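J.: Each chain, written out:
2 protein chains.
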Amino acid sequence: MPFPWGLCLVYKNWAGPIRKKILPPILGSSTRYLMLGAQKRTSDFNSFVVRTNTCGELRSSHLGQEVTLCGWIQYRRQSLFLILRDFHGLIQVVIPQDESAASVKKLLCEAPIESVVQLTGTVISRPPGQENPKMPTGEIEIKVKTAELLNSCKKLPFEIKDFMKKTEALRMKFRYLDLRSSQMQYNLRLRSQMVMKMREYLCNLHGFVDIETPTLFKKTPGGAKEFVVPSREPGKFYSLPQSPQQFKQLLMVGGFDRYFQVARCYRDEGSKPERQPEFTQVDIEMSFVDQAGIQKLIEGLLQYSWPKDKNPLTIPFPSMTYTEALDFYGTDKPDTRFGMKIVDVSDIFRNTEIEFLRDMLKKPQGAIKTICIPGGAKYLKSKDFEAIKEFAVNHFNQEVSPLFLKTSGSRKSPLTKLLKEEEKSALISLLRVQEEDVVLLTAGEHNKACSVLGKLRLECADLLEDRGVVLRDPAAFHFLWVVEFPLFLPKEEDPRELESAHHPFTAPHPSDVHLLYTEPEKVRSLHYDLVLNGSEVGGGSIRIHKAEQQQYVLETVLKEDVKLLSHLLQALDFGAPPHGGIALGLDRLVCLITGSPSIRDVIAFPKTFRGHDLMSNAPDYVTPEDIDPYHIQVKRAEDTDSTDVQSVVCEAESSRLVLPSLTKTENPFEKLALDQTPELLDRRKPSRSPDNK
Amino acid sequence: MPFPWGLCLVYKNWAGPIRKKILPPILGSSTRYLMLGAQKRTSDFNSFVVRTNTCGELRSSHLGQEVTLCGWIQYRRQSLFLILRDFHGLIQVVIPQDESAASVKKLLCEAPIESVVQLTGTVISRPPGQENPKMPTGEIEIKVKTAELLNSCKKLPFEIKDFMKKTEALRMKFRYLDLRSSQMQYNLRLRSQMVMKMREYLCNLHGFVDIETPTLFKKTPGGAKEFVVPSREPGKFYSLPQSPQQFKQLLMVGGFDRYFQVARCYRDEGSKPERQPEFTQVDIEMSFVDQAGIQKLIEGLLQYSWPKDKNPLTIPFPSMTYTEALDFYGTDKPDTRFGMKIVDVSDIFRNTEIEFLRDMLKKPQGAIKTICIPGGAKYLKSKDFEAIKEFAVNHFNQEVSPLFLKTSGSRKSPLTKLLKEEEKSALISLLRVQEEDVVLLTAGEHNKACSVLGKLRLECADLLEDRGVVLRDPAAFHFLWVVEFPLFLPKEEDPRELESAHHPFTAPHPSDVHLLYTEPEKVRSLHYDLVLNGSEVGGGSIRIHKAEQQQYVLETVLKEDVKLLSHLLQALDFGAPPHGGIALGLDRLVCLITGSPSIRDVIAFPKTFRGHDLMSNAPDYVTPEDIDPYHIQVKRAEDTDSTDVQSVVCEAESSRLVLPSLTKTENPFEKLALDQTPELLDRRKPSRSPDNK
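Here the protein sequences come in this chain order: R and H. Note that this note's numbering gives residue 325 to position 322 of the first sequence, counting from 1, and the numbers run on in steps of one. Note that this note's numbering gives residue 59 to position 56 of the second sequence, counting from 1, and the numbers run on in steps of one.
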């Protein structure tokens, strides 16, 4: 049984380290090839094809062998050497100089860079002193006998070299060229192999059944973000579901008690950064299982499939309740790679003379919360604190004050001056304030105070890292379970009504079932989230498996139209076993593991956040004949409401951006730099993204 | 490394033989459990859950062990025994009779059939004489200590017993119940494991990369059968592609030189039997490969993933040219499990006195073709021959005559009488006619004559098998490559124009490239089909990898709008390697392997051929708000053309069928029997389908 991770290790080495900041990213240089010597031969990459070897696998052990290679011309040095590339690596080819090989020389000298060549020759030693220890194939070269130009390459929009800077819009327009980069090769190969290991774990080790479920389905209650697909029956539409949730539960009723699927899901959220209209989740459901069982399964799954070139995972993962997460991190997806936890200091101020603090503590949910920024006084500037305060007011309508408690400098804040000595020393003791630390304090309604500090905790971590402080180890992967979520939340548009915190099939926590019929807003659920480094990478729950309870939740609590779910309710009545499951967001997970700045870097053909494929120009206009069988027509402009007009305006604006660059530039590819960039901006600040390739 | 086929073997045994005709299908009876004793423990089915064992795995070796089981109540014998079922099998549970266990007794006696129960007890021997050798667990039973009713079951629309006959419409309406049947469990588990083995072969053994490609794409040229998905931009639509063809070729340009994907594909063909609007193909593409390489890969793939409970495959598979297939079998997907090949007898009749034969041979493509039906005179009746002749006239406008050349009976045909003795003996010798054989003869244009006999060959085979003649071994799997297809075919609507025989990316045969520019209709292609038992289960080709040739084919030969494919044409210019690939139709392949009457039997949640999900009632009406973001509206009735009206009428007719049954029946489930049956009819004759479950 070959070990598939070998390839990934190989490729990782060719690709070089992910964090390009740390090691130079130039293809062929530095340490990226050094480890290839230790590669294990795993899969047979040369079966069924004309080549005898890949470019990257050749070593001194192949000396004297006649080999046939296929690859792309990476570059040429004068008319003497040619570097041939395939997915596996680079090899130096000696261009023959003698008369008898004139045609081979001509071919190899004249073929444009990135042309595809097949050649046969002998593996020979490089002359003494000409070895390249930085290249895994650096001890040898190929003495060519025959060569064939398989395809010539026209002038490229950009060179296939990692050090070439290019905009993401340009990369997406010519995705097939971008895919040749070592980084994209590494990302997609790692993804493939990680999924393969997951399948082995689920299918071979634990008896799960891989079952495909339909994507042409019907509208789900509350499924506002579902794409519709018109059918040939007038007025009837399919929906593209956001997950196989109903099907996987029905499979449990059907006796497939261990189901999984690497499932394509769809979500139309209009224009949201870091979202794709179609995405992939590792979808799992089991019968006769409890929350601990699912968690153990997932911990084993991730440990088994974890890339061998990363630090191994320790299991079990730590766990935290939703309430703890909010209290200490101000968010339901805490980044636990660093401290700076939120500390409640209300008790210190019970008898304070500072009026606004005292007043706040008299209110029902009033609290005083702090975080301590290590070295904040040293690394953060006055304008940083201004920005922090402004951010808190603008986004949370909340005052935040910095406290300089053990700083030698001249910086003071108004609140620091008001503090009594015993308040200061109590804070220093409770928060363990060190020299040059800064404390951020806010007084307000408990959850809101936590939320603002939770957000500022992340912003300050970014700021500190920008100033060179190492807070988060880039090689660290901190998984965390967040549990005991509320089952329902007040609706944003009408807080007197409730909506599901996750989805209506989530089971109530056994300790809280009695509250379902009296105070549903207080019911905790059996939902669990899996968080990695502050991002949600999975979520699941134990489901309701009794029809009456499901009907009560849908009809009485959520006021949903149960007719849309009559098949599911009926199924629960026909011997549904207790069951639960989880879904892992594969794109996000692989994105975090590869350290990619965007999920677009782990998807072969991604779309912009507006849902555009810049390569093929999808979606596109169709003819009336194309949609005629579906009994629909495009609304005329006068039919569209203001929202539609709005979106048209946005489009017009983004096109307007193109015009100046079109007139300015002579390179037709460059316009893409401006053209589509607005669609590719992530919500996260540029400072948090690794360098562009 | 556990061996995943173990499960399948286990399941197969539980499920019993596929050909229900041959062995009795009643759950719990006959030989189906006999082989379970030899089962190999493979995957851990009991990890992460409360049960300690599956019901089906318990044996005498477990005697004395305390076990916890979860399952469904299959049936009860008086108040003494209860049979518990899970996916793995059945186990007998002794209902305790002593006072101290009154509550357990009550629970086990009162829970309705198909209720879900968890119980803990001890494995004990059955009393001497009470063993059941037909049951793999028949030597033992469970002495219960505790029991819990996990979920009660309401009155079912049908019993979960294999011998219960039910209409397919009823099975689809309550799919989650139908999935509990041993047959559906076997089919879907076999499918899962076969795909897993394919992945191991491709990914682990041969270095293929599993890459997901988008399903929200743009319209492809000639993609008339593509579902459209409206986007939020007025008038712009995505298309759901029929295959990842373009993406897999672009991946080759991107240097992923071994790609595969188990890909969801979409095809809107309106109402066609044995087609699903979404289906799955094992999609493969390789660079630097030739036709022989792809064929070898696929032969290895199928051999590696072939179910262990079937006869092992012999590779390489035989190969046949398109012309040979047409000449000898009258079809491009010959069923080579039996003979009855078409024989050209034109030479025998060069100087015949039978006028219509002589005339036909004077025409340019005129030919006289025959098939010999072994034992036809014995097994086929006069009305069969009438039906055969009528079929040929109705479907092919072609006269077919039976010849009784070595029959003892009184049956004669007009043509037999006209034959001269030397013609008769020449036919007998050439066709190797045996006693009681019948020859079918037709004179006509070469291809048409072959087509009609090809079809009659299959029809006669069905007839003979209905009469008890064994022509095709049900355990035989005859794979066949069909190669050298024409690259183009005349368009049906205008034979002066050409269309691609498969798709426009297929490369011309190297020997015929010169004809591309002069007589394109004569060019053979590098397309290959994989045929299994007369059904196409795969197809692929070596692709065009040069932009000029691709552009010439699209623009000059096919007169397509090349703008829709500009990205692909451009990609071919940027160093596209030579490449080729194939796609296997997974649904059809698994259908044939499991011997299922319909591909719906190997899909968890299939749709009717009209595209309806009878369980959830998809597609369904939506509100105007649901489609409003997409700038579309449903056409009013007066906007629809006659085609639309036609389809509405069809719907009305099919609903009208429901009404009488609705009024007649008291069982609300029974109406489904009539309700949807028209949608489930296959094109193949009922006589060829195995019995219903």
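Please note that the accuracy of each hint is not assured.
If you anchor each label on the Cβ, the simulated ranges turn out as follows [what the hints assert, rightly or not]:
| hint | chain 1 | residue 1 | chain 2 | residue 2 | range |
| --- | --- | --- | --- | --- | --- |
| 1 | R | S50 | H | V565 | 53 to 59 angstroms |
| 2 | R | V97 | H | T521 | 40 to 46 angstroms |
| 3 | R | P115 | H | E462 | 57 to 63 angstroms |
| 4 | R | P115 | H | R499 | 55 to 61 angstroms |
| 5 | H | S428 | R | S50 | 50 to 56 angstroms |
| 6 | R | K409 | H | T55 | 56 to 62 angstroms |
Straight-line C-alpha distance at most 20 angstroms; calculated EDC-like pairs for lysine to aspartate or glutamate [unchecked claim]:
| hint | chain 1 | residue 1 | chain 2 | residue 2 |
| --- | --- | --- | --- | --- |
| 7 | H | K458 | H | E402 |
| 8 | R | K299 | H | D47 |
| 9 | H | K164 | R | D576 |
| 10 | H | K157 | R | D576 |
| 11 | R | K566 | H | E628 |
| 12 | H | K228 | R | E628 |
| 13 | R | K108 | R | E60 |
| 14 | R | K228 | H | E628 |
| 15 | R | K228 | H | D631 |
Treat the hints as calculated values from the structure; they're not laboratory data. Keep in mind it's a predicted model, so treat the numbers as computed, not measured. Virtual Cβ for every residue (Gly too), placed ideally from N, Cα, C.
J.: Run every hint past the structure and note whether it holds.
T.: Against the structure, the hints:
no., hint, result
1, S50/R <-> V565/H: 53 to 59 angstroms, "violated, 36 angstroms"
2, V97/R <-> T521/H: 40 to 46 angstroms, "holds, 43 angstroms"
3, P115/R <-> E462/H: 57 to 63 angstroms, "holds, 59 angstroms"
4, P115/R <-> R499/H: 55 to 61 angstroms, "violated, 41 angstroms"
5, S428/H <-> S50/R: 50 to 56 angstroms, "holds, 54 angstroms"
6, K409/R <-> T55/H: 56 to 62 angstroms, "holds, 59 angstroms"
7, K458/H <-> E402/H, "holds, 14 angstroms"
8, K299/R <-> D47/H, "holds, 14 angstroms"
9, K164/H <-> D576/R, "holds, 18 angstroms"
10, K157/H <-> D576/R, "holds, 6 angstroms"
11, K566/R <-> E628/H, "holds, 18 angstroms"
12, K228/H <-> E628/R, "holds, 12 angstroms"
13, K108/R <-> E60/R, "violated, 25 angstroms"
14, K228/R <-> E628/H, "holds, 12 angstroms"
15, K228/R <-> D631/H, "holds, 12 angstroms"
In summary, the structure is inconsistent with hints 1, 4 and 13 from the numbered list given earlier, while agreeing with the others.
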